[in-house]
Each structure stands twice: as structure tokens, then as C-alpha cells.
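Per this note's numbering, residue 1 is the first one in the sequence shown, and the count goes up by one each step.
Derived from the structure by calculation, the hints contain no laboratory data.
Some clues are possibly wrong.
[As the list claims (entries may be wrong)] Quick list of in silico lysine-lysine cross-link-like pairs, DSS-like style, CA-CA up to 25 angstroms:
id, residue 1, residue 2
1, Lys-403, Lys-429
2, Lys-27, Lys-340
3, Lys-585, Lys-625
4, Lys-377, Lys-393
5, Lys-357, Lys-429
6, Lys-625, Lys-577
7, Lys-32, Lys-269
8, Lys-263, Lys-321
9, Lys-18, Lys-403
10, Lys-543, Lys-334
11, Lys-585, Lys-429
12, Lys-340, Lys-543
13, Lys-29, Lys-585
14, Lys-272, Lys-32
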Amino acid sequence: MVLFNVSRVETTPFGDQKPGTSGLRKKVKVFKQPNYLQNFVQSTFNALTPQNVRGATLVVSGDGRYFSKDAIQHEKVSFSDHLDHPIKHLSYKINLLPSYQACRQLSRVWELLSSSFLLHLPFSGRIRQLHAARIRSRSPLIVWPLLSEKYLRSLPCFLSLHSAVLLLLFVFLGGVIITKMAAGNGLRRVWVGQNGLLSTPAVSAVIRERVGVDVSNRLVFGSKATGAFILTASHNPGGPNEDFGIKYNMENGGPAPEGITDKIYENTKTIKEYLTADLPDVYPSSLPSYVDITTIGVTSFSGSEGQFDVEVFDSASDYIKLMKSIFDFESIRKLLSSPKFTFCYDALHGVAGAYAKRIFVEELGAQESSLLNCVPKEDFGGGHPDPNLTYAKELVARMGLGKSNSEVEPPEFGAAADGDADRNMVLGKRFFVTPSDSVAIIAANAVEAIPYFSAGLKGVARSMPTSAALDVVAKSLNLKFFEVPTGWKFFGNLMDAGLCSVCGEESFGTGSDHIREKDGIWAVLAWLSILAYKNRENLGGGKLVTVEDIVRNHWASYGRHYYTRYDYENVDAGAAKELMACLVKLQSSLTEVNEIVSGIQSDVSKVVHADEFEYKDPVDGSISKHQGIRYLFEDGSRLVFRLSGTGSEGATIRLYIEQYEKDPSKTGRDSQDALAPLVAVALGLSKMQEFTGRSAPTVIT
1 MVLFNVSRVE TTPFGDQKPG TSGLRKKVKV FKQPNYLQNF VQSTFNALTP QNVRGATLVV
61 SGDGRYFSKD AIQHEKVSFS DHLDHPIKHL SYKINLLPSY QACRQLSRVW ELLSSSFLLH
121 LPFSGRIRQL HAARIRSRSP LIVWPLLSEK YLRSLPCFLS LHSAVLLLLF VFLGGVIITK
181 MAAGNGLRRV WVGQNGLLST PAVSAVIRER VGVDVSNRLV FGSKATGAFI LTASHNPGGP
241 NEDFGIKYNM ENGGPAPEGI TDKIYENTKT IKEYLTADLP DVYPSSLPSY VDITTIGVTS
301 FSGSEGQFDV EVFDSASDYI KLMKSIFDFE SIRKLLSSPK FTFCYDALHG VAGAYAKRIF
361 VEELGAQESS LLNCVPKEDF GGGHPDPNLT YAKELVARMG LGKSNSEVEP PEFGAAADGD
421 ADRNMVLGKR FFVTPSDSVA IIAANAVEAI PYFSAGLKGV ARSMPTSAAL DVVAKSLNLK
481 FFEVPTGWKF FGNLMDAGLC SVCGEESFGT GSDHIREKDG IWAVLAWLSI LAYKNRENLG
541 GGKLVTVEDI VRNHWASYGR HYYTRYDYEN VDAGAAKELM ACLVKLQSSL TEVNEIVSGI
601 QSDVSKVVHA DEFEYKDPVD GSISKHQGIR YLFEDGSRLV FRLSGTGSEG ATIRLYIEQY
661 EKDPSKTGRD SQDALAPLVA VALGLSKMQE FTGRSAPTVI T
């Protein structure tokens with residue numbers, strides 16, 4: 001068993017580490033700043049109670065996006081330039097020595113290189129940055145040349161600007177390491193999903209359901225996780241120039257509440273040091289005890305406070321077990337095996353791909369050819385892993401909703417996931433299901449179609465911007481109903497109190513009380529369960545009940561909420577705030593508002609109420625203010641304006657437009673046509689183009 005020591009590393013605060021509704025999200029280049037991630041991780045540990053840190057079990061995994069493995073275990077910096085020479089490799093090894101020696105050795109290497117032509121190559125600036133960063137942080141990691149100093153000194157003699165050499169220089173830095181910091185802060189163990197992959201819903205499931213088996217002095221006992229660092233920026237793009245994110249989930253499996261995130265932010269403003277342990281990195285494998293996150297197993301280390309374990313476990317098993325306890329897999333298997341039913345699932349190269357084959361193919365019998373983009377990639381294949389009609393282009397085309405007509409008959413059912421698999425988009429053949437309708441339809445059919453809910457629903461909830469389709473279902477079924485701010489943590493409080501079974505957000509998030517995160521695969525299985533139930537008598541013969549049939553029958557029973565969302569992404573933050581401030585100021589005079597409305601569109605109903613949404617949690621009494629600007633119309637229509645907290649830079653303005661229609665003869669109109677008058681009012685009332693300079697939104701949903 002390898003011994004380790006704990007070091008206190010001096011650091012200075014960063015001024016931009018305030019977590020949003022989904023944790024801290026920034027560009028990768030921001031997270032790669034020396035000590036940036038360490039500061040946030042240490043500030044989080046400092047915000048938790050001692051029992052959730054000392055001797056505790058922590059889950060660390062994510063959606064596999066670029067920089068995730070570095071954050072979990074090590075940072076690997078690779079330099080290569082385009083030269084050619086018989087000498088193919090110049091390598092450096094890692095050793096773990098005290099910080100002072102590390103700095104001296106790196107300084108010596110720098111001196112040896114400083115007079116050579118290497119400083120004129122493209123990566124020379126990065127070498128200088130590394131040198132400065134290691135000296136500042138007094139890293140315990142050193143670079144130790146395999147080649148002799150005499151040979152290294154000879155490099156400038158035979159390497160010239162006219163030479164052609166392929167030089168690969170791998171430097172493994174020890175700065176960005178959550179596992180080492182966990183050991184340094186006295187945690188007992190870290191659980192890591194194989195290959196560092198766990199979907200956000202799977203992390204919640206692991207925290208709530210998984211019991212580790214530990215053996216100590218011949219006694220066998222179980223360990224439970226008390227929290228998790230989830231490494232994801234959700235539906236944001238990934239790659240060296242794109243987004244990275246980190247958020248902390250609590251022992252209930254849900255995101256940290258505002259009380260904790262506020263403490264984290266305060267800690268980031270005053271942090272002076274972080275704790276880390278000199279554990280070995282993933283590479284090189286010649287080290288006597290390294291952690292290989294590609295292989296299931298336990299690696300143990302010994303420190304001053306006792307044993308520390310890093311356990312790598314199967315990413316999918318716990319989640320699949322939970323799904324099989326919720327849904328009737330046999331009835332879904334019958335549906336998917338029917339020649340009348342065709343199916344397509346697009347993971348958009350996100351972490352859902354790690355679950356898709358196991359669940360849909362191996363457990364439910366779907367054809368492997370029905371899976372699209374199900375190999376997780378750290379840059380999501382160069383795409384934008386956001387499951388909507390704009391970014392899920394391949395699925396949209398296959399389902400017959402693309403701009404060009406295809407002679408190939410579309411599948412009966414299609415679905416997509418985002419980067420961390422907590423969001424979902426549901427499609428029928430040439431038919432789009434809005435997220436607001438989706439959660440309402442799941443709630444309306446859950447008791448009959450999903451065994452987990454056979455005893456009835458405790459209640460339902462939606463985020464404020466989501467359409468009121470769920471409200472109508474709740475009223476009809478006499479269910480408790482809650483309208484909450486955007487952010488899954490608000491649903492978690494209701495679920496922990498036994499007040500809510502099914503909930504959803506208009507931003508393609510749907511879930512239930514089986515975990516404390518939204519769950520994209522759960523939503524797909526819920527829809528497949530409803531389809532299986534509706535078709536239980538006619539898979540052998542008769543007309544198939546389709547996705548479109550289910551939605552239109554729902555509208556006939558409950559009415560239709562015409563709904564759309566306009567996203568204006570990466571807007572100048574100052575301009576966005578000015579727009580919102582103008583809308584708030586305008587609310588002081590409804591007379592003026594209605595004059596503006598009638599001047600834009602005379603056939604639109606009057607505004608009868610306007611406010612900034614404020615929520616008092618019925619469980620803990622906490623109050624959340626400034627959660628979105630609302631304009632409510634006499635006929636039940638709504639306009640909602642909100643700044644999103646899920647981007648990594650700039651601001652995203654989201655505009656939500658809704659109109660309710662109960663007359664069955666009027667529920668079949670095109671959504672954009674039906675909403676055109678309200679859209680004109682919203683854009684004119686907000687002076688959207690004047691403030692943002694945008695003549696059109698980035699995305700329309």
C-alpha cells in the first residue's frame with residue numbers, strides 16, 4: 001500500500017466563482033488557470049459539515065467532456081510540433097518529491113532549455129507559463145529527465161531551426177486533481193465511474209442507492225456516499241475551446257441548495273490555501289500503485305489519518321437496476337420487438353451513449369442500428385449536445401422533421417439526450433412533443449402505465465416558465481400542484497417532503513422522485529411505457545396508437561397550451577441586464593403596458609398582472625426572489641422573460657410565450673402561427689432588437 005502525505009498549498013482567490021443554478025460553468029481555458037479548480041473544490045469542502053467530509057465517501061465523475069479526466073485524476077499536457085528526425089521521443093517521468101525539490105528541478109530543466117532553439121517553437125510560451133505556474137503553486141510534482149544532463153545540454157548542438165524532429169513532450173502536472181484533494185481533506189474513499197463516466201441522473205442514483213462493500217478487521221460493512229462532484233456543463237459544447245463545469249450534489253442526490261452554494265461562493269472570495277495529497281497519477285503505469293480509471297477495481301493508499309481508497313465501478317449497473325424497479329421492462333420489450341414499432345435514440349455523443357446500448361439493446365431488445373451517436377466523445381463529435389430541433393439535426397431529419405423530404409419512412413418514436421443525459425427530447429413520426437406537454441402527458445398516464453406509480457401520485461410540479469399544461473392535469477386529477485423557480489433543487493425539497501412524484505421543466509427536463517435530478521433516459525422509458533400500455537391489445541393486429549395520437553387525445557381532453565421559447569445566446573451581459581430592468585420598470589403601470597400592447601397588436605388580450613416571480617418554499621420557508629419577469633393576460637396567455645444561468649460566458653435571454661386553447665376545434669393549428677401575435681407583442685414590449693442588436697433568436701423551441 002502506497003503511503004501519502006498531505007500538503008497545504010497557498011493560493012489566492014478568483015473573483016468569478018459564483019455557482020449558478022447548475023454549478024460553476026466556464027470555458028476550459030478558465031478552469032486551466034493554476035489553482036482555479038482547486039480553489040472551488042476546497043471552498044466546497046469548507047462549506048460542508050465535517051461529517052460530510054472527514055471519513056466520508058465521495059462520488060467523482062461526469063459526462064466525459066474535455067478536461068474531465070484531468071479534473072478527476074491528473075492533468076496531462078501534450079506538446080508536439082511538426083518536425084522530423086531520427087530521434088523520435090524526448091520523454092520526462094513523474095516523481096513525487098517535496099515541493100521545494102520540485103521547483104528546483106523544474107528550474108534546472110528550464111535553465112537547460114532556455115538557451116536552445118526550443119524557446120522559438122510554438123509551444124515555448126506554454127513552457128514559460130508552466131514554469132511560472134509550478135513555481136507559484138510549489139507543486140509536489142517534478143519533471144525528471146530520462147536522458148542525462150550532459151545529453152540534454154547537447155540538444156542545441158544538433159537540433160537547429162533547420163532540423164526536422166518529432167518531439168513529444170508529456171508533462172504530467174499534479175495541480176488539478178479532485179481525488180488528491182479528497183484524500184488531503186480526510187475523506188475515506190472516492191467512487192469513480194469507469195472511464196470517469198456517470199450521467200448526472202446516474203450520479204444521483206449512485207448517491208441514493210449504491211452500497212459499497214468494505215472489509216475491515218474481518219468485518220464486512222456497507223458504505224454510502226454523502227455527496228458528489230459532477231463534472232459537466234450539461235448541454236453546452238465541449239472541447240479545448242468550449243465549456244467545462246462542476247457542481248456539488250448533496251447526500252439526497254440533489255444539487256446543493258442555495259444555502260450551500262452561497263457559502264461556497266463566500267469561501268472562494270477569501271480562500272488562502274487548499275489541501276492535497278501526493279497520490280500517484282493515472283500515468284505512467286510503471287508506478288507501483290497508480291489509479292487506472294479504465295479498469296474496475298479498488299486502489300488503496302495509506303495516509304496519516306488511515307486508509308484512503310479509490311474505487312472504479314461499472315457506470316451503468318446501479319442505474320439500470322433502478323430503472324428495472326420502476327418500469328415494466330417486459331412490456332417495453334414487447335413493444336420494441338414488434339415489427340409495427342420502430343425506434344431511434346440519439347445520444348449526441350454524450351454520456352447517455354454509455355447507457356443506451358445496455359438498456360435499449362441488451363435489456364429491451366432494440367436493434368443496435370436504432371442508436372445514433374452513442375459513442376461518448378469529449379467534444380461531443382464537434383456538435384452541440386442540446387436535444388432540441390436546432391441541434392439534434394440527424395435525429396430531426398430521420399424523424400421526418402427536417403427541411404428536406406426523405407423517401408425513407410421515419411421511425412414511430414425518436415428521442416435524444418444532452419451531454420450529461422439529464423435532458424430529453426421526444427419525437428413521434430413527423431411530430432414534435434413540447435417538454436411542457438411531455439411532463440403533463442406522463443403525469444396523466446403514470447398510474448396506469450408505470451408500475452412505480454401504481455399506488456398514485458403524491459403531487460406534481462413544474463418550473464415557472466414551463467407551460468400550464470401540467471396545472472390542468474393536476475386540477476383534473478385532484479393532485480397537489482407546485483410552481484417553482486427554475487432549478488431542480490426546488491423539486492428536490494418537495495420530493496424529500498413526500499409532496500411531489502412527477503415534475504418537469506420546459507428546458508427539456510423531466511423526472512420523478514426516484515432520484516433528485518432530471519432524468520432523460522427515465523423520460524424516454526416513461527414514454528415507451530405509455531406507448532406499450534396504449535398498444536397492449538393491438539401489437540399483433542390493428543392500428544398502432546402513435547405518439548401523435550397520444551398528444552392529440554391529450555389536447556382533446558385537457559386543452560392545448562400553444563407554447564414556444566426564444567433563446568438569445570451570448571448576449572452582452574450589460575445589455576441583457578438593461579433589458580430586464582426596463583421590463584421591471586414598465587410593470588409599475590399596466591395602463592402604459594396595455595397601450596404599448598394594443599399599439600403593437602390590437603387583437604391581443606389585456607395584461608391583467610405583471611410581476612417578478614418570487615417563491616416561498618413550502619418545506620423550509622426559504623424565499624427565492626427575482627426568478628423571472630411575468631406578464632399575465634386576461635385570456636390566460638403569458639409572457640415570461642428570464643436570464644439563464646447555464647451559459648459559460650455572456651448572457652442568455654430566454655423569452656417564453658404561451659396561449660391556452662380549450663376549444664378542441666382550434667387545437668390543431670401550427671404553434672408559430674397561433675402565437676405570432678403574442679410574439680410580436682413580446683419583442684416590441686421588451687425592445688429586444690434595440691437592446692441586444694439581434695433581429696432573430698439563436699434557437700426557437
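Hints breached by this structure: 2, 8, 9, 11, 13
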